Amino acid sequence: MPAIDIPFFGNLALCLILVSAAYTFAMALGAQRGRPHLLVAARYGTYATAALVVLAVCLLAYAFQTHDFRIRYVARYSDRSMTWGYLVTALWGGQDGSLLWWTFLLAGYTTACTRWLRGRFLELQPIVLATLASILGFFVVLMLFAANPFATTVAAAPPDGEGLNPLLQNYWMAIHPPALYLGFVGWAVPFAFVMAALVTGRLHDEWIRAARLWAMIAWVWLSIGLLLGCLWSYEELGWGGYWAWDPVENASFHPWLVGTAYLHSAIVQERYGMLKVWNVFLMCLTFLLTIFGTMLTRAGLISSVHAFARSDIGIYFVGYLAVMIVLLVALTIFRLPKLRADHRIDSLLSREFLFLLNNWMLLGIMIFVLVSTTWPLISEWLRGQEVTVGPGFYNQWMVPFGLILLFLTGLGPLVAWRKATASNLGRALIAPLGAAALMFTLHLALGAAAGFPAVVETDEIYDTLTGRILGSIQAVAPLFSSTICAFVLVGIGQEFWRGTKVRMKKGEGPFTALAQLVSRARRRYGGYLVHVGIVFMYVGFTGAAYDVEKEAAVRPGGTVEIADYTLRYDRPRMESDPNKRMIFTDLTVLDEDGDEIGRVAPAKFIYRTMPDMPTTEVSIRSNVREDLYVIMSTVDSQSRRATFRVVVRPLVSWIWFGGLILVLGSVIAMWPQARDVMDRQIALAKRRRGGAAATMLLALAGALSLGGSAQAQDSSSLHAGTVVIEDPEERRLFGRLLCQCGSCQRLPLDSCGCDWAEQRRAELRARMSAGEPPDDLIAAFRGQYGPAAISIPSDEGFDRAMWAIPVALVVVLGGGLFVMGRRWRAKGVVAAPTASEKKAAAGADEADYDARLDEELRRLEGDR
Amino acid sequence: MTDPLPWLFAVGACAALGGALVALWASFRAAFGGAVPIELSSDVDHDARVRLLEEKESLLKNLADLRFDHEAGKISDADFERLDGKLRERTKTVLRLLDADVEPFRAEAERLIAGRLGGAPRDPFREVAPEKRESASAKSSEESTTKKEKKSVREAMLAQERSSEESTTKKEKKEVREAVLAAQDDLAAASKRDAEAPAKTDVPKTGTKACPSCATSNDVDAVFCKKCGHRFESASEASASSNAGDAGEATASEGEAKGAEEER
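Quick note, the sequences are listed as chains L and A, same order. For the first sequence, our numbering gives the first residue as 1, with consecutive numbering after it. For the second sequence, our numbering gives the first residue as 1, with consecutive numbering after it.
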């Protein structure tokens with residue numbers, strides 16, 4: 001291969017990107033003053049900037065493929081044994097490269113948006129392009145000054161690199177980070193539209209319509225990224241779960257929650273000119289949360305298994321966030337007169353108001369998770385005390401929030417826009433409530449027999465009244481979850497049926513009517529389908545209440561019995577390839593009658609480059625009812641004795657199925673209407689659609705074809721999943737206490753396999769056997785190792801504020817909504833006519849305008 | 001065999017660099033002068049009109065949603081009637097405002113169309129077809145008579161007011177006052193006659209006619225339908241005051257009309 005000075009050309013490319021982005025920014029700002037030639041210049045500047053980003057990416061990829069270990073980043077995240085696929089994915093295996101990946105995706109979005117805009121929204125275009133150029137410029141500045149992917153090693157180039165973390169060398173990790181980044185980065189485009197609206201003062205629904213498609217694209221990719229992350233966690237990490245409420249996971253969840261709220265309230269602004277300030281706030285908040293989430297992954301502010309190494313990059317993000325917040329607040333205050341609502345809510349019994357309630361709950365959940373995620377920082381800052389907020393805390397608190405949100409999801413579609421008549425709503429509620437009552441009764445009566453009891457035993461996270469209330473809610477959560485799921489599903493089905501009936505009155509057959517119904521109102525019915533997906537996912541989440549778990553150490557021929565399964569350990573076997581040794585343990589799965597129903601082979605992979613970090617390869621046997629999840633913890637090469645952890649997880653596959661439905665519904669909702677395509681500039685519309693579709697396809701192809709990871713992990717998998725605990729009491733206790741060995745990411749004692757954790761477990765077992773209650777042991781552990789050693793902060797003193805403040809906010813905001821709603825609805829449906837409007841109306845031909853209005857309605861309905 | 005992937009990235013880098021240079025060149029040409037065509041939307045940037053159009057679309061969607069919800073049984077007949085009525089009123093107001101806003105542009109469009117079809121630009125408000133000249137002249141003649149009448153009455157009023165100032169006796173003042181009042185009455189009557197006098201054109205200006213294509217009501221002297229653009233072919237529908245579609249015919253100018261008035 002020809003010798004190319006990659007570090008030099010790479011740094012040069014970064015500098016050129018910065019210059020080009022600055023040039024584009026200047027041209028775009030100049031174009032704002034009615035100079036169209038500068039707008040054209042800005043567009044071409046955007047393309048040039050994107051091309052330079054591609055240049056930088058190609059140079060780095062070339063460096064990886066040619067093992068150019070002069071570059072520090074290449075030496076750190078690759079080695080000569082890696083295949084070309086993982087060499088490509090290593091591009092974003094570390095912090096530096098992931099920033100370049102962020103920039104690359106943003107350049108792609110910017111190019112697609114520029115092509116899509118062409119002759120549309122000309123007044124907004126300049127600031128849209130300027131905003132996107134400025135964000136690009138920020139990330140290039142980060143790369144140039146804080147995390148340069150083309151920086152060279154201090155010493156001479158090593159003969160071989162360190163290689164990619166084995167945990168990152170798998171299929172799911174190959175598509176999760178690209179999808180997640182597409183979601184994160186995608187929110188920059190609708191944010192650019194809101195920025196343009198604020199700067200230009202064009203704050204009617206123009207920017208909402210312009211940003212709609214891009215907001216949906218970003219939301220869909222973020223949803224896919226989150227789902228793939230859950231799948232990766234479930235299938236690869238070997239701890240048995242799919243969501244650990246890790247700070248970085250939460251950081252991805254925040255923009256998803258706010259983005260979902262925005263998608264709902266944007267509809268209200270489009271229809272009725274309301275919630276203008278709120279929508280501006282939501283869109284800005286979503287974008288800022290993506291920057292905040294990006295910062296959390298990189299700045300090392302909060303301990304996380306996902307985090308890159310701690311670095312000083314955080315100050316750049318903090319500065320950027322501060323500048324953006326000040327700018328956005330100032331602009332919003334300046335534009336407040338133009339952000340007044342055109343109309344008011346007609347009734348509290350209306351879909352608009354229910355959307356507001358939905359927003360309230362989504363924001364409430366976001367605030368709760370955000371406060372809890374940053375509580376370790378807040379606690380350290382305010383009182384110098386470290387605390388840890390583990391998954392047990394979130395798992396209990398999220399249940400009541402989630403149930404309320406699910407209920408609102410079901411109620412919304414049943415209520416009419418503007419004003420629902422109470423009696424009509426009552427009739428509409430009969431079927432869903434009936435289904436809910438039926439499900440409630442069936443679950444209560446037959447649930448236990450079917451293996452899904454209505455009420456379950458739970459652990460209380462606090463020994464206070466709050467803990468008892470939460471514990472009670474947790475105990476009945478499966479019953480209420482199934483009830484509300486039935487309510488929502490039947491309600492949505494009823495909406496499809498009612499809409500189909502309306503169309504059938506026009507003479508269409510039932511299937512034609514249904515197809516036409518969905519086709520002409522894709523946004524509405526695609527949205528209903530998304531809700532169906534959410535319901536299925538809730539069913540899957542509910543299954544976690546019925547998990548059964550067992551650990552056992554057996555020799556070949558021995559069996560492990562759990563639920564209705566018997567697992568017979570047949571033999572261990574070893575295989576190898578150039579990169580790793582693989583130790584499999586073959587088990588045969590038998591049903592309760594002793595008949596063979598399948599085989600599983602959990603394994604450990606030991607990579608040659610990282611022999612101290614074997615990965616756990618779980619084996620899963622799935623069906624609609626449950627997953628049989630088998631982890632091989634250890635295997636002795638001499639005795640062939642193996643330790644297994646077996647979990648039966650009911651209803652998990654419903655989560656993945658629900659996710660598929662969610663994505664399908666989203667695609668239907670954002671598929672362009674025929675009317676939009678034929679609107680005004682037909683030729684441009686085709687290119688626009690092609691641009692947007694190309695973005696999607698390109699991103700999808702990129703996500704599926706490229707493998708890799710965006711998140712480096714420094715924690716050793718040696719710690720995870722190697723613990724034998726047979727006593728459920730012990731498991732509950734060890735789950736509350738965190739390992740303080742210093743070499744793991746504070747894993748709970750029930751899953752950390754290091755020597756320090758094993759010694760603590762032995763001590764605690766001894767004390768439990770001596771009769772010490774678990775609460776005393778927890779208190780003693782806290783006293784010895786500090787509050788940070790407990791996975792759930794106490795419900796007293798300052799720590800109580802962690803849940804009290806968000807819950808109080810939610811309650812106050814909810815009450816405030818009802819009070820404000822009553823005030824808003826007093827103004828009526830439409831504004832009173834002005835003097836000019838009265839003058840225009842005087843002497844006009846009423847019948848003519850009635851006819852014309854009817855004609856316009858026929859045209860609209862013909863296109864729907 | 002040499003691994004092709006590095007070559008692929010090398011070629012990709014070169015292509016990206018080439019693309020960047022081309023784009024930058026096009027950008028510089030656009031910014032600092034060049035032959036890059038500027039393709040912009042032909043939409044008129046009229047902020048208020050855009051807002052009205054958006055409001056119209058929003059109201060129509062609201063009406064459609066309301067109808068759908070009513071047909072689906074979510075809303076009672078009484079509530080539907082009330083909300084539908086309000087929305088329809090507002091929508092019609094918006095339509096009226098849009099029509100009022102577009103009138104100058106419609107006239108300009110008609111002028112441009114007529115100019116293109118007729119070979120010479122015609123001013124629908126200034127230029128009149130030759131065969132209409134006589135009636136226009138007659139009309140301007142009538143108008144000038146009325147104006148002359150008004151002028152003489154006004155002069156009489158002024159003269160009487162001046163004489164009123166000069167007269168000293170009460171009787172004289174009373175007589176002058178009565179004369180002024182009588183002159184005012186005459187002036188008012190003349191103005192009223194002027195307003196009520198029918199236009200002496202071949203086609204009456206008041207009244208409407210229906211478009212044969214879309215049945216929209218148009219002014220009787222309209223040449224093109226205001227909704228679908230259908231051209232009214234019939235001679236009886238041709239207007240005295242709007243531009244005719246005939247090509248190459250000279251028309252009387254406003255100056256000519258004024259000249260006719262002065263001659264009289």
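Read the hints as simulated data drawn from the structure, not as lab findings. Incorrect hints may have been included.
What the hints assert, rightly or not - Below, computed lysine to aspartate or glutamate pairings styled on EDC-like, alpha-carbon distance capped at 16 Å:
hint : chain 1 : residue 1 : chain 2 : residue 2
1    : A       : K86       : L       : D850
2    : A       : K227      : L       : E206
3    : A       : K226      : A       : D99
4    : A       : K92       : L       : E855
5    : L       : K505      : A       : E103
6    : A       : K56       : L       : D160
7    : A       : K226      : L       : E206
8    : A       : K86       : L       : D854
9    : A       : K227      : L       : D848
10   : A       : K226      : A       : E71
11   : A       : K227      : L       : D850
12   : A       : K56       : L       : E206
13   : A       : K61       : L       : D775
14   : A       : K226      : L       : D845
Remember, predicted model here, so these are calculated numbers, not experimental data.
Practice task
Please name the hints from earlier in the document that this structure breaks, with their numbers sorted from lowest to highest.
Solution key: 2, 5, 6, 7, 10, 13
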